[in-house]
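Asks: Spelled out from the first residue to the last, the chains are:
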Amino acid sequence: MSDVPQLLDREAEEEYEIESTEGGLWTGSRLFVGAVTMAWSAVAFAYFYLRAIDRSGQWDPHHLTPPPVIGTLIALCVLLGAFMLEYGRHQLRRGLHFEWLTAAWLTALFGAIAGGFQIWQLTRLPFYPGEYGYTSVFIGFAPLNVAMILGGAYWAETIAARSIRLRAEVGPDMHLGESEHAAARHLRASLAGCNFYWWFMVLASLLFWILFYVVD
Amino acid sequence: MTATTMELGAGTTGYRPTATRLAHPWFSLNVITAFLGAAAGYGIGHWIGNYIASNYAVVQSTGQNNVAVVLALFFGVLGFIVGIGGLNYPILKMFGYQPEERAPVEDWTKYFRFSTDHKVVGKQYLVGVIGMFFIGGLFAMAIRTELTNPTTHFFAPDIYLQIVSEHGTIMMMMATSLVVGPLGNFLIPLMIGSRRMAFPRLEAISFWIFLCGLMVILTALPLGGFDTGWTGYAPLQTEAAPGMDAYLVGFGTIGTGMILNGFNQIVTIVNYRAPGMRWSRLPIFVWSMLATSFLLTLATPVLFVAGWFGVLDRTAQTAFYVNTHGGSSYLWENLFWFFGHPEVYIMAIPGFGLVGEMLPVFTRKPLFAYRVGAAGMFGVALLSFFVWQHHLFVSGINPDMRPVFMLTTELISIPTGFIYLIGMGTLWRAKIRFTVPMMFCLAMYFNFLIGGITGVYNSDVPVDVTIHGSFFVMAHFHYTIMGGLLFAFFGAVYYYTPLLTGKMLNNTLAKIHFWWMFIAFNFTFFPLFIVGFLGMPRRVFEYAPRLQVLNDWASASAYMLGMSFLVFAVNFVWSVWVDPKPAPANPWQSLGLEWQLPAYKMPWYNFERLPIILSDPYHYGEREALPVAHLQGVLALAGAGAGGGLAPVGAVGPDPGPEISPPRGEAEREDPRPE
Numbered sequence: 006m007s008d009v010p011q012l013l014d015r016e017a018e019e020e021y022e023i024e025s026t027e028g029g030l031w032t033g034s035r036l037f038v039g040a041v042t043m044a045w046s047a048v049a050f051a052y053f054y055l056r057a058i059d060r061s062g063q064w065d066p067h068h069l070t071p072p073p074v075i076g077t078l079i080a081l082c083v084l085l086g087a088f089m090l091e092y093g094r095h096q097l098r099r100g101l102h103f104e105w106l107t108a109a110w111l112t113a114l115f116g117a118i119a120g121g122f123q124i125w126q127l128t129r130l131p132f133y134p135g136e137y138g139y140t141s142v143f144i145g146f147a148p149l150n151v152a153m154i155l156g157g158a159y160w161a162e163t164i165a166a167r168s169i170r171l172r173a174e175v176g177p178d179m180h181l182g183e184s185e186h187a188a189a190r191h192l193r194a195s196l197a198g199c200n201f202y203w204w205f206m207v208l209a210s211l212l213f214w215i216l217f218y219v220v221d
Numbered sequence: 012m013t014a015t016t017m018e019l020g021a022g023t024t025g026y027r028p029t030a031t032r033l034a035h036p037w038f039s040l041n042v043i044t045a046f047l048g049a050a051a052g053y054g055i056g057h058w059i060g061n062y063i064a065s066n067y068a069v070v071q072s073t074g075q076n077n078v079a080v081v082l083a084l085f086f087g088v089l090g091f092i093v094g095i096g097g098l099n100y101p102i103l104k105m106f107g108y109q110p111e112e113r114a115p116v117e118d119w120t121k122y123f124r125f126s127t128d129h130k131v132v133g134k135q136y137l138v139g140v141i142g143m144f145f146i147g148g149l150f151a152m153a154i155r156t157e158l159t160n161p162t163t164h165f166f167a168p169d170i171y172l173q174i175v176s177e178h179g180t181i182m183m184m185m186a187t188s189l190v191v192g193p194l195g196n197f198l199i200p201l202m203i204g205s206r207r208m209a210f211p212r213l214e215a216i217s218f219w220i221f222l223c224g225l226m227v228i229l230t231a232l233p234l235g236g237f238d239t240g241w242t243g244y245a246p247l248q249t250e251a252a253p254g255m256d257a258y259l260v261g262f263g264t265i266g267t268g269m270i271l272n273g274f275n276q277i278v279t280i281v282n283y284r285a286p287g288m289r290w291s292r293l294p295i296f297v298w299s300m301l302a303t304s305f306l307l308t309l310a311t312p313v314l315f316v317a318g319w320f321g322v323l324d325r326t327a328q329t330a331f332y333v334n335t336h337g338g339s340s341y342l343w344e345n346l347f348w349f350f351g352h353p354e355v356y357i358m359a360i361p362g363f364g365l366v367g368e369m370l371p372v373f374t375r376k377p378l379f380a381y382r383v384g385a386a387g388m389f390g391v392a393l394l395s396f397f398v399w400q401h402h403l404f405v406s407g408i409n410p411d412m413r414p415v416f417m418l419t420t421e422l423i424s425i426p427t428g429f430i431y432l433i434g435m436g437t438l439w440r441a442k443i444r445f446t447v448p449m450m451f452c453l454a455m456y457f458n459f460l461i462g463g464i465t466g467v468y469n470s471d472v473p474v475d476v477t478i479h480g481s482f483f484v485m486a487h488f489h490y491t492i493m494g495g496l497l498f499a500f501f502g503a504v505y506y507y508t509p510l511l512t513g514k515m516l517n518n519t520l521a522k523i524h525f526w527w528m529f530i531a532f533n534f535t536f537f538p539l540f541i542v543g544f545l546g547m548p549r550r551v552f553e554y555a556p557r558l559q560v561l562n563d564w565a566s567a568s569a570y571m572l573g574m575s576f577l578v579f580a581v582n583f584v585w586s587v588w589v590d591p592k593p594a595p596a597n598p599w600q601s602l603g604l605e606w607q608l609p610a611y612k613m614p615w616y617n618f619e620r621l622p623i624i625l626s627d628p629y630h631y632g633e634r635e636a637l638p639v640a641h642l643q644g645v646l647a648l649a650g651a652g653a654g655g656g657l658a659p660v661g662a663v664g665p666d667p668g669p670e671i672s673p674p675r676g677e678a679e680r681e682d683p684r685p686e
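These protein sequence lines map, in sequence, to chains P and Y. In terms of our numbering, the first sequence opens at residue 6 and continues consecutively. In terms of our numbering, the second sequence opens at residue 12 and continues consecutively.
Some clues are possibly wrong.
Chain Y regions said to be covered by chain P (calculated; three or more residues, Cβ under 8 Å) [as the list claims (entries may be wrong)]:
| no. | segment |
| --- | --- |
| 1 | 276-282 |
| 2 | 325-335 |
| 3 | 611-625 |
Some chain P residues near chain Y, calculated using beta-carbon distances under 7 Å [to be verified]:
| no. | residue |
| --- | --- |
| 4 | W64 |
| 5 | G138 |
| 6 | I144 |
| 7 | G145 |
| 8 | G176 |
Among chain Y residues calculated to face chain P with C-beta under 10 Å, some are [claimed, not checked]:
| no. | residue |
| --- | --- |
| 9 | Y108 |
| 10 | Q109 |
| 11 | S205 |
| 12 | I270 |
| 13 | L309 |
| 14 | L314 |
| 15 | G338 |
| 16 | F349 |
| 17 | M417 |
| 18 | G644 |
Simulated from the structure, these hints should not be mistaken for lab results. Just so you know, these numbers come straight off a predicted model, no measurement behind them. By construction, the Cβ of each residue, glycine as well, lies at the ideal position given by its N, Cα and C atoms.
With these hints in hand, go ahead and build the complete structure from the sequences.
Replies: As structure tokens, then:
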């Protein structure tokens, strides 16, 4: 059996496992965005389909919109959340733990505020849900938007919480942005995925902001 | 009760099995607490729904509070998931705790708990889908009973429609998970040399969500059922009884489980392959799971959103599918079939993956045109997103668009043909071993040929316009799904039972089951092509008296078909529990990696050391071929002897056969590390 290739040594095997998990987080976050894209595409399809057929002129005869200021604030909060997470990632790489944590919590906060605004907006609508095609699509969109944004806030919060606990477990001197510790590497991979998701949500928010508030 | 705990990513040590003591299973979360949670959730949801909507005008005028029903079902599912322990980790994660893999307790109670062992989840799924299949099958028997006489009825017309709808919905949902759930979860890590699935908790929760979805769909019956068929078309959907809420919530629930399952399998296959497991060495079954999982992950969210719109129409009074308020019932048809047609391939591709895995074993030949087969699966998956409008040929599509979708539908027969022909190429001039799994494989090809050719025939607009909504179409898809997928599945159950349980199923009973099922299946569904061609529409319980003979023939055959599954059930229970016969190690002499290890007694983390993959598993009859993997030292098993021992390198079991030769020299090897 001397010509049989040897198994990886323990150290290489551990490295292999860690890379698998990092890769899994990378693939998973991209795939998650793909699945969410398909869900948003279904909403967008409903928007364009009902708008295009405009059955009996009932798509949006009176050009009603939900309160645009609240809608704009929601989109802005999502944008700020994405910026904060990007900034936080940068600070994490530089080893500035406090700045990173502040940015991550702010991302979660902006997400919570955006979700709160979206719920509040649903109580301030100048139309009934089934009044027109447009109003139906908006009512369909809004709760999904709450779920997607709060999901992003939850993800950012869990990463921030994990980084605090990790430093408590390993030691306050741990440089999460550079450490080769497996948990630190997984945390960075998760953060990269979360960051990607938030920027995707910025794009989605922008698209639907245009559709619901700008396009006549 | 001592078990092991494995810490993931704790420090730089990677996997570290350590001892820990778990609470007695019945004092921790399990299926009993899950049902208690479901009951509590149902009550709470119903109360909230009544609180919100009891004074709505529509509720007071109709006495039907859909808000209460939807919230009750939603909170019921949520309560079940909380009760089984599915939300423990997501909550702990908010406080910064890391994943902790905990070994299932080593007794039968592990099957009733939230297990993160992919082998346990696979078995849970297996029992779940077979149970679902038997329930759906009982509805089929009821349908055929009603159709034994054209004018004398066993059921009222609305009850008949509810039975048809329940049968269709349960069977479609069952079939989407039939292979991906049990065999995908059980086999993928073993086939790619991984210790686990990428997201074990997602894997576990996907099963329990799947189970919840089944229960939700069954609650439709006491809620008045739904009479739309499994397609749930509006405007019937908007106007139906509260049972429709169960359909929508049930579809959404099972859909969520399907997305999670597909998502997890993609990430696992892409990232958790063992060193040396290149794409070109991936078993064809894993390729089929990858293609199917992409469909599950990308098509199912559209169904979810379509169902969400339906729920809003029925509760929040939106008008997505209401023509008079700016909505359109065609919107449902488009969204539903954008998912619904890929779903057909979610059901078909795994069947081909399974037979592709079994054929080389029983022909002792390499899989013919392996790469073409893998490419064909992805070709089918891709094209399946561009054919959905053929379901709308007679229901509102712009006539100018018909040829486009006729063309795309016919195009999909090309990659499907590739997949079919790799089977034919493998069979060509082979010395076939006519084992029971092989007989199921051959039957699958026979049935699918009929189903496939009638599918191409259906795709032509003039034909479709003529036979749309008839028993002809019904017979066509039963030939593709039941004749294709189900035969492949049963073949795989006979094939993999030694791996799953360490027991061999009784061969005589298995052969009786096969012939009985094969003959009864064809006797049931072939006459229905004729019945459909003669103009009998589906979902209608009265029909022309001249069609009674054919219908009676089909009904009698359907009873026989139903009874054939009892033979399987008796065989399984008898051979696995009553009079178990230990299976020899690798009884089929497969070269597959999964067969080199006794999976039924492997630890929950599968491998003590990662295997090194040396070749693909299809080098049958090639004397210079490498063994599939370097396995020595990979697994340490207590008591692994006959029926469970590790095969040495270069061997495939107790009887490696003359075609397996010792490995070549080091200089001839490929780099075992991944590309």
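Asks: A separate judgement is required for each hint: does it hold in the structure or not?
Replies: How the hints compare with the structure:
Here the segment 276-282 of chain Y counts 5 residues with a CB under 8 Å from a CB of chain P, which clears the bar of 3, and the coverage holds. Interface restraint, the segment 325-335 of chain Y with chain P: holds (8 residues with C-beta to C-beta distance below 8 Å; minimum three). With a cut-off of 8 Å between beta carbons, the segment 611-625 of chain Y has 5 residues touching chain P; three or more are needed, and the interface restraint holds. Checking W64/P against chain Y: minimum C-beta separation of about 5 Å stays under 7 Å; hint holds.
Checking G138/P against chain Y: minimum C-beta separation of about 3 Å stays under 7 Å; hint holds. Among the interface hints, the one on I144/P holds; its C-beta lies about 5 Å from the nearest C-beta in chain Y, closer than the 7 Å criterion. Hint status for G145/P: holds, given a least beta-carbon distance of 5 Å to chain Y, under 7 Å. At about 12 Å, the closest approach between the beta carbon of G176/P and any beta carbon in chain Y exceeds 7 Å, and the interface hint on this residue is violated.
Evaluation of the Y108/Y hint against chain P yields a held restraint, the C-beta minimum of about 7 Å falling below 10 Å. Interface hint status for Q109/Y: upheld, as the beta-carbon distance to the closest one in chain P is roughly 6 Å, under 10 Å. Annotation: interface hint on S205/Y holds; nearest CB of chain P at approximately 8 Å, less than 10 Å. Here the hint on I270/Y is kept, as its CB sits about 6 Å from the closest CB of chain P, short of 10 Å.
Interface hint status for L309/Y: upheld, as the beta-carbon distance to the closest one in chain P is roughly 5 Å, under 10 Å. A hinted interface residue such as L314/Y counts as satisfied when its beta carbon comes closer than 10 Å to some beta carbon of chain P; here the least separation is about 9 Å, so the hint holds. A cut of 10 Å between beta carbons decides the hint on G338/Y: the least distance to chain P is about 6 Å, and the hint holds. The interface hint given for F349/Y holds, since its Cβ lies 8 Å from the closest Cβ of chain P, which is under the 10 Å cut-off.
Residue-level restraint check for M417/Y is violated (minimum Cβ-Cβ distance to chain P is 22 Å; threshold 10 Å). Below 10 Å, beta-carbon pairs count as interface contacts, and G644/Y has one with chain P at about 6 Å; its hint therefore holds.
The structure shown violates the earlier hints numbered 8 and 17.
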